[in-house]
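Sequences listed follow chains A and B, in order. Quick note on numbering: full-length UniProt numbering labels position 134 of the first sequence as 134, and the sequence is numbered without any gaps. Quick note on numbering: full-length UniProt numbering labels position 2 of the second sequence as 2, and the sequence is numbered without any gaps.
Quick caveat, the hints were computed from the structure, so don't treat them as lab data. We treat Cβ as the ideally placed atom computed from N, Cα and C, and that holds for glycine. Accuracy of the hints is not assured; some may be wrong.
Stated by the list, open to error - Pair ranges (Cβ atoms, derived): (1) A184(B) x Q166(A): 16 to 26 Å; (2) E87(A) x E236(B): 36 to 46 Å; (3) H266(B) x T111(A): 51 to 61 Å; (4) A184(B) x K162(A): 33 to 43 Å.
To be verified - Chain B is nowhere near these chain A residues, computed Cβ spacing over 12 Å in every case: (5) Q40; (6) F50; (7) E87; (8) T104; (9) P129; (10) D146; (11) E147.
Claimed, not checked - Facing chain A, a subset of chain B residues (Cβ under 10 Å, in silico): (12) H20; (13) E24; (14) E31; (15) Y94; (16) A98; (17) A153; (18) V165.
Given next are the chains, with one letter for each unit.
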Amino acid sequence: MTQPQYPSSDTQWPRWEVFKQDAPNRPHQAVGSVHAGDPQHALLTARNVFVRRPAAVSLWCVREDDILTATPEELTTNFALLDTPGEAGTYHVGVKRTNKRSMTFVDLSGTVQASGSGDALRQAQVMHPDVLAWMVFPETAVVRTDEDPGTVESWFAPAKDKTYKQQQHYGVIGRHVGELKRAGLMPGRAASEEGA
Amino acid sequence: MTHPTPAQTGITPGETAEQHAHFEARIARGEKIEAGDWMPAEYRRQLIRMISQHAHSEVVGMLPEGEWITRAPSLRRKTILMAKVQDEAGHGQYLYHAAETLGATREDMLQALLSGKAKYSSIFNYPTHSWADVGMIGWLVDGAAIKNQTMLAGCSYGPYSRAMVRICSEETFHHKQGKEMIVAYAQGTPQQRAMAQDALNRWWWPAMMMLGPHDADSPNSGVLTRWGIKLKSNDEVRQEFINEHVPELLEAGLTIPDPDLHQDEHGNWRHGPIHWDEFWAVIRGEQGLNKERLGARQAAHDDGAWVRDALQAYTDRQRAVAAD
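All chains, please: the whole structure from these sequences, using the hints.
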């Protein structure tokens, strides 16, 4: 892949999509992105931005240029996405399953062997025909935190002790809010978004 | 005779009625619009404007409170304030990401902030005079922000909605730590009570104003509502904010600086007239600390240049080594 040149410190670095795993045996989920010059910088920035609270055991970062994303609507007008070139090998597949209120985009759901990005997208579409978005990227593009207990401890444990960041740490005054809600003076979530 | 602009109709030349009907039907079904989907150019423009302003507000919002970190009265309060300011930086990052999915670049957005072209919430141009302001900002300003952001968490654009859900879950801590602090001072010594009351006197009206102009004077609301970006009007969100906060402030023993404030027969708290001249003067930077805030942001940007240069040099070196 070609590396753009950046003439000054005021020009942005490449964007990396960040995937966070909340607990062992849970899928990595796309949480957002960071800008970084190199893989280590990307992982450190991802931790600072997305792991200021507990619940993380692993972070992955993938350069935006290495990711192919599509929605069903996009594929109705842009078939060429299925011909996107790329190296042959193992590809990760992420899918978005619901429109419910959420703080994550796709869940990574497994891998496929593909001849390129477009082929991986085609396979993802066959495996998961009824989802709201697909994402694929090659395994070789992933940079990740180490899985050994020492790394997990030093990277992710400090957030656990900072209980003052949790709202449960503070007492509640004003029980009236519940009463207001019942009286219809404090509308909560729209009914269509309940249950997320 | 003048033709209506895209900002009024939502339709940009080149877009068809069919495209708009399909798009609006998706929103009516409660679907989220994702980055690759077709969307009206005006939807994209309005979202970039709103999300980048929102991101700038998070970033500038670090300044009034950051000034107080070194003067926090205890280690506990200091760690809380540091975590809160750090959160605001993170929230700016989430939001810049959401705007980037629409094609805006980080560089352009930062430039628009530093040049004064882009706006941020007027609330951050007010000075923080005492330590109690830190608590009152948490209680009122973050309280008002949460009301607005909870609404936006349900908006039709997927990346913005997801950033809002993440922000709201963290922002609740900001609100509660402020409330806890002010309640403690309101029950404390006469000096502490006076400090809490003084902070309320200065922050009440700015917090009311930060939820935006009255519905009748809100120029962008039409298409924003139609396209599921704003699910409630400014006045509705303001009413929710008042209904939640007035009883709690009164319960804490504080006096709200609005002689006309009263509860109507439906149980809604009704406020007196708002002085919008001040709001617009602060937005335009004629009043308040706009110059100082942008100066501090520019200084932070300039002072951080060596870090960016060092990281770039490391990146270049790694690449050169890899190429050998």
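Results of checking the hints against the structure:
| no. | hint | verdict |
| --- | --- | --- |
| 1 | A184(B) x Q166(A): 16 to 26 Å | holds (19 Å) |
| 2 | E87(A) x E236(B): 36 to 46 Å | violated (52 Å) |
| 3 | H266(B) x T111(A): 51 to 61 Å | holds (57 Å) |
| 4 | A184(B) x K162(A): 33 to 43 Å | violated (21 Å) |
| 5 | Q40 | violated (9 Å) |
| 6 | F50 | violated (8 Å) |
| 7 | E87 | holds (17 Å) |
| 8 | T104 | violated (7 Å) |
| 9 | P129 | holds (17 Å) |
| 10 | D146 | holds (19 Å) |
| 11 | E147 | holds (24 Å) |
| 12 | H20 | violated (14 Å) |
| 13 | E24 | violated (14 Å) |
| 14 | E31 | holds (6 Å) |
| 15 | Y94 | holds (6 Å) |
| 16 | A98 | holds (8 Å) |
| 17 | A153 | holds (6 Å) |
| 18 | V165 | holds (4 Å) |
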